[in-house]
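Spelled out from the first residue to the last, the chains are:
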Amino acid sequence: MALLETRGLTISFGGLMAVANVDLHLEPGELVGLIGPNGAGKTTIFNLLTGVYHPTRGEIIFNGRSLVGLKPYQITQRGIARTFQNIRLFGELHVLDNIRIAYHWHSRYRVIDAVLRLPSYHRGEAEILSRSKELMRIFKLESYQNEKAKNLPYGEQRRLEIARALAARPRLLLLDEPAAGMNPQETKELMALINWVRQEFDLTILLIEHDMSLVMGICERIYVLDYGQVIAEGPPEAIRNNERVIEAYLGQEVNGVAPQGGKS
Amino acid sequence: MTKVQFSRKNFFALAGALLVYFIIASLLSTGMISKFQEINLMMLGINIILAVSLNLIVGFTGQLALGHAGFMAVGAYVAAVLTLKLHQPFLLAIIAGAVAAAIAGLIIGLPTLRLKGDYLAIATLGFGEIIKGLANNINYIGGAAGMIGIPRLTNWTWVYLMMVVTIIVTVNFINSTHGRACIAIRENEIAAETMGINTTYYKVLAFAMGAFFAGIAGALYAHYFYLIQPTTFTFFRSFDILVMVVFGGLGSITGSIIAAAGITITNAALQDLAVLRMVIYALLLIVIMVFRPQGLMGTGEFTLDRWMPKRGEAGGSAGN
Ligand SMILES: Nc1ncnc2c1ncn2[C@@H]1O[C@H](COP(=O)(O)OP(=O)(O)OP(=O)(O)O)[C@@H](O)[C@H]1O
Ligand SMILES: [Mg+2]
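As you go down the protein sequences, you meet chains F and C in turn. Under the working numbering, think of the first position of the first sequence as 1, with each following residue one higher. Under the working numbering, think of the first position of the second sequence as 265, with each following residue one higher.
Derived by calculation from the structure, the hints in this document are not laboratory data. Remember, predicted model here, so these are calculated numbers, not experimental data. Errors might be hidden in some of the hints.
To be verified - Each computed DSS-like pair below joins lysine-lysine, with the alpha-carbon atoms no more than 25 Å apart: (1) F:71 - F:133; (2) F:150 - C:380; (3) F:188 - F:150; (4) F:71 - C:380; (5) C:349 - C:396; (6) F:133 - F:148.
Please model the complete structure; the sequences and the hints are all you need to start from.
Right under this line is the structure:
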């Protein structure tokens with residue numbers, strides 16, 4: 001059974017169909033790419049999947065149940081976590097707290113336990129702390145533990161966002177241009193990390209990325225979006241040679257090199 | 265190792281709290297604190313309760329609310345009705361006042377917390393005025409004349425006890441996953457929601473908790489000053505409390521305590537200067553906001569850790 005399926009997913013802003021009749025299909029454990037020119041509707045799809053926007057039409061089925069109409073926090077609790085294209089960390093808070101906050105909904109102690117400092121509070125906090133430290137170790141953020149998130153170098157902020165998303169313990173992870181603004185070396189390391197994390201945490205990943213070589217390098221399957229519609233779908237080799245894709249990217253180099261259409 | 269340090273810290277905090285209590289109690293009983301100063305002392309404690317509880321809403325959860333005097337009024341009136349008209353014990357009156365204020369917090373919180381920033385500020389400001397208007401028009405609680413002859417049950421022990429309870433509950437709440445959920449809302453509401461936090465729930469919870477303690481402050485106030493009137497709880501009182509919170513630092517409990525104490529004392533010291541008092545007060549605020557726009561403490565806290573030798577380094581990792 002598919003982990004995620006969308007049927008005829010559509011949203012229009014005024015007259016603009018930002019996403020039009022999109023059918024996505026993700027099997028458990030897959031790493032799937034979502035690419036397309038600027039303004040194609042990639043981020044909007046993420047916003048639909050996570051409940052930030054509500055679809056004008058269409059269905060979103062996750063793990064056998066519909067997500068349409070749920071609030072973002074409910075969707076997270078069903079098992080979808082994400083990162084943001086324009087980083088949305090808790091800037092004034094320490095790195096550790098950024099991660100601890102995402103563990104929040106797994107914590108089992110109540111307000112009264114916290115106020116009275118009952119044993120369940122101490123146990124709960126110890127558990128949150130040890131899991132958070134584990135994530136900081138994996139993402140090489142330990143040395144920044146007590147830094148404010150906004151003071152981290154850019155690449156570290158992106159890594160922290162992924163770590164924070166993982167702290168919510170999702171089954172499906174949505175990454176919106178996780179390598180944006182990173183240098184090639186950082187990008188390479190990040191992709192290795194994403195691949196490793198996927199296996200370690202038993203994740204399914206949907207990845208938006210502008211860097212074509214990167215997407216082609218690690219994704220098993222790719223959806224190409226243009227003007228809100230899926231214009232191609234398949235393994236990297238098929239996408240690379242697809243006429244419509246090449247056309248959509250309008251002469252931009254598709255074969256393994258990053259297009260300059262680039263960063264907004 | 266961490267356990268040991270926690271209890272050591274708690275021990276010092278408890279010893280300090282008791283020491284302060286007994287020193288001031290003995291100053292009061294020996295008459296070294298005069299009757300006039302006693303009023304200021306009570307106001308100091310009550311203002312600390314108000315500032316700390318408003319900080320939970322405005323400073324930690326990031327919801328700009330201007331109706332704190334309204335919650336205080338609910339607590340004051342409900343408690344006064346219980347003691348004056350129904351002859352109930354003071355503790356019960358305080359609790360009833362606090363619960364009534366918390367319920368008022370829920371009622372106002374649920375519809376208004378969809379609003380953000382300025383809109384929420386205006387809505388809560390309106391709430392404060394509605395409470396005033398209600399009190400003005402209910403004859404049972406004296407209408408515009410207010411309630412007179414409320415027994416003076418508030419004393420230093422009650423004020424201090426309630427102040428300590430307010431601080432401990434708020435600090436314990438803030439330093440938990442639930443408190444962090446509130447802080448996350450302040451930092452970035454969309455990210456908080458996307459991290460699985462039910463933002464509406466925590467906003468309403470913060471509102472209700474803040475209102476609860478404002479209700480306690482109102483009950484203490486009513487039972488110290490004999491008299492409460494609708495005009496006791498104007499917008500200006502809400503504003504005064506907000507000034508203390510901003511002044512101490514949005515998101516700093518110790519900041520709120522220091523600012524509430526400092527402003528109450530300054531106000532008392534300048535009492536005789538009449539109009540000049542407001543000028544000096546305003547100037548003081550401007551100076552501080554120019555030089556410390558983040559407030560005295562920012563979001564930081566003044567903790568015992570600074571005074572205690574670091575331990576536990578050799579104790580291995582804290583989270584096994
Ligand atoms: N809230 C909104 N209101 C109106 N239009 C919107 C809204 N959100 C997105 N759009 C429009 O929908 C289209 C798709 O935007 P989206 O951000 O999904 O593109 P994208 O594929 O992520 O592009 P990029 O690669 O630049 O990030 C754009 O034309 C955008 O202007
Ligand atoms: Mg985008």
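Which of the stated hints cannot be reconciled with the structure, identified by number in ascending sequence? 1
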